[in-house]
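Engineer: The primary structure of each chain is shown beneath.
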Amino acid sequence: MTTLLEMRGISKLFPGVRALDHVNLSVEAGEIHAICGENGAGKSTLMKVLSGVYPHGSYEGDIVYDGETLAMKSITDSEAKGIIIIHQELALVPLLSIAENLFLGNEVAKAGVINWPLAFQKTSALLQKVGLNEAPTTIVGKLGVGKQQLIEIAKALAKDVRLLILDEPTAALQENDSQKLLDLMLELKAQGVTQIIISHKLNEIGRVADRITIIRDGSTVSTLNRADISEDRIIRDMVGRDMAHRYPDRTPNPGEVLMEVKDWNVFHPDQKDRQTIRNAALTVRKGEIVGIAGLMGAGRTELAMSLFGHSYGRNISGEIAMGGKPVDTSTVTKAVAAGLAYVTEDRKALGLILDEPILRNISLANLAGIARRGVLNQRREAQVAEDYRRAMNIRTPNVQQKVVNLSGGNQQKVVLSKWLFTDPQVLILDEPTRGIDVGAKFEIYNIMNQLAADGRGIVMISSEMPELLGMCDRIYVMNEGRIVGELSRAEASQERIMAMILNSVGKAA
Amino acid sequence: MSEKTYLSSHLREYGMIMALVAIVFFFTVIVRASIDVDFLSAQNITNLFLQNSYVIIMALGMLLVIVAGHIDLSIGSVVGFTGAVAAVLTVNLGWPVFAVIPACLIVGGLIGAAQGYWVAYWKIPSFIVTLAGMLVFRGSTLWLLNGQNIGPFPRSFQSLSTGFIPDIFGDADQVLLGMERLNGTALLIVVVAACLVVWLGLRKRAQDAGFGVTPEPAVVFWIRNAIVCGALIFVGYKLAIFRGLPNVVMVLAVLTVIYAFFTEQTTSGRRIYALGGNEKAAKLSGIKTERLVFFCFVNMGVLAALAGMIVAARLNSSTPKAGAGFELDVIAAVFIGGASMTGGSGKIVGVVVGALIMGVMNNGMSIMGIGIDYQQVIKGLVLLAAVIFDVYNKNK
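First to last, the protein sequences are chains P and D.
Residues 1 to 509 in this note's numbering are what the first sequence lists, from first letter to last.
Residues 1 to 396 in this note's numbering are what the second sequence lists, from first letter to last.
Derived by calculation from the structure, the hints in this document are not laboratory data.
Some hints could be false.
Claimed, not checked - Straight-line Cα separation of at most 20 Å, PhoX-like style, residue types lysine-lysine; simulated pairs: (1) 123(D) / 402(P); (2) 159(P) / 147(P); (3) 402(P) / 348(P); (4) 334(P) / 283(D).
The structure presented is a predicted model; accordingly, all values stated were derived computationally and were not measured.
Given the sequences, and given the hints that come with them, work out the whole structure.
Structural biologist: In structure tokens form, the structure reads like this:
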């Protein structure tokens, strides 16, 4: 085998941060090479260097591709070499057709006039290659994410790709769509397309990757051959410490029931007849951390948001009691007054006002707490923010800093502070550690344990099963809008949760 | 932090004040040189305020609308319509002024409510709703006035825009200062206002230090206050030797203080910024976003009605064309004043300065006899330059 790509001693500095520190990566022609690492380890930065997003000269080190040293100024240069990257966020125009998207910026045209018959013909051929059975005129926005992902790959094929980079391609896909995509990757490999895949999902890597390079804190830790790949080894290299210490110790001490939900039914906000939550019931005790497990689309976020001020859905029915007394949570204000708080999974879009400073974000949900007869006491506001900055260890020079400048972990701490300032009895945390690095995750876990120890009830929604198993006293399993099972800490295991989900499929009706 | 780095990180705020001072200075020199007229004469300063009061008043409301992430294109027509209502009520029906003013304000509020309802609760884009409103109320003005001018207004109504605050010191100060017609009330008010500005500034500085905010360097603070207070007292003196403080200036000053307080010191004001910054996040934090948007439009309608009456009183008649194109001056003033196009930011003080910049340019160019054609081109370029400067500053 010959080496197609060699990145040598790549270093990239951002103001105050060394994002990459002498990273080496060697990819052989015709292989599928996986890159693993925690969030913030530098995987995406490395790929941006490779694809010309960061032009030559803005980093140190050499890129040798097909025997020649590259000095790319832009993505156009890298694409001319057949290096094509498919980003996590798809770059398709939803209102245009498949054919229009495939050749966007690269139209099948003469003197600016598009040759539609030829374009459609080429589109059909490419769609066949990626195994997608759709008309070239189909509007992209009408397709699911899985199919859109395939269109991205077809788009890469249209540009005569030699090295295809896929950045977390299955992150938003359902299981069967993921499988299809992995099959396609293997097929492309058979046709000689070299591929780099960035993924967190170790089972997928195990299935397709020939070799794997692990990056931690901006440096290459190891490159493993297929034979040496094991989950334990990968995790150890990624995290730099053993699994056993990923979750802080805690002695659970559940008290009386804080929140009880019964017969909770919710319908889809746009499709009247579609029921998204069916007869959900759950309890949360004082000092307890309760998990909700489930696949994407199981209805976990929908359940949480409908409970919290009917922020999702319509025709909501059911009962909620806090501390034994029935409460009304039909608006956010009422839900907060009842002692409920919801920390969203999408903190940038739904949790924070990015362009405002930390202190204004923290006070937002409880302005009454820093005001008297509607007039703000800004001294008190700053004091409150300062207190939370210390308590939560938010890393920032001062609380006047705009939250857009903070890292994911620190942003999450700001959102948590905002809700703690409303003094809730029960906090629903929706994917509280999504998109934040290992160290900050550990801090968030510690905060959660502290909140439970203070006698609050915590509901944790997470797609990472090890996290639920490591943190929760009890786990509800959701599927297709129902709660299909409940496991105590002792009973819970990844296998049992999956079994509960799979056994419930199709029994919904 | 040195003065220099502080200034460059707050370039926008100081740039505005400097620009205003520079433009005034420019016109003073140019007007003197070209046609030998005193740009800063007492009469011209009075005129400047009388001519531009309506823009500033509406810009206060427009800032709220724009901060909330919306726009109101209908205000020019609302100015015309409420002016017409005032004319019909006073001239045709003989209502007394004390009844006409609240009636017109209510009409303005209802118009704002009618538009705000669709924007807030039906999520119809404000651009569309208020574009419709612009046509509807221009047409209604024509209908109400039967296509003709109605006037003149009684003196009491005219004093809304042409009246002056009476001098409580009577003749005493004439003797005291040996000058004719020096208005003691006007002087007293501006001196008190200047003292208040300094006192509030000092208080805020002390507070900022307590929060751990980098305070404005002392040199910058005193220079800025010297400029602001100097300008205040200078303007006050000029007004005092002419006819005193116009009623409109008092209304303006009081409204500016109220809106500055509302936007910066109250929970409702804060919530409007939050809503403009990220509506979904604000909503999930328990903020009643619809109600706030509705309020912003009602408030805009009321201020447009006030402006409508001031314009009618100044012209001493209601005309079907009154207020045409005002919305553009007002929106331009808000953006020159530093509000963000996407909502969530902008300050009352900035907007007032922005409106003054527009006003000074209008006035200066008119005195110089520059044609309306060039005036429009220049104003357009200034607006563009201000916003480009903003964007450039952000990306830096």
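Engineer: With the threshold set at 20 Å, check whether the alpha-carbon distance from residue 159(P) to residue 147(P) stays at or below it.
Structural biologist: Holds, because 19 Å separates the two Cα atoms, which is no more than 20 Å.
Engineer: Does residue 283(D) lie within 20 Å of residue 334(P) when you go C-alpha to C-alpha?
Structural biologist: 13 Å, holds
Engineer: Is it true that the CA of residue 402(P) sits at most 20 Å from the CA of residue 348(P)?
Structural biologist: Given pair residue 402(P), residue 348(P) holds - Cα atoms ~13 Å apart, limit 20 Å.
Engineer: Given the hint that residue 123(D) pairs with residue 402(P), test it: the Cα-Cα distance must not exceed 20 Å.
Structural biologist: 29 Å, violated
When each numbered hint is compared with the structure, a violation occurs for hint 1 only.
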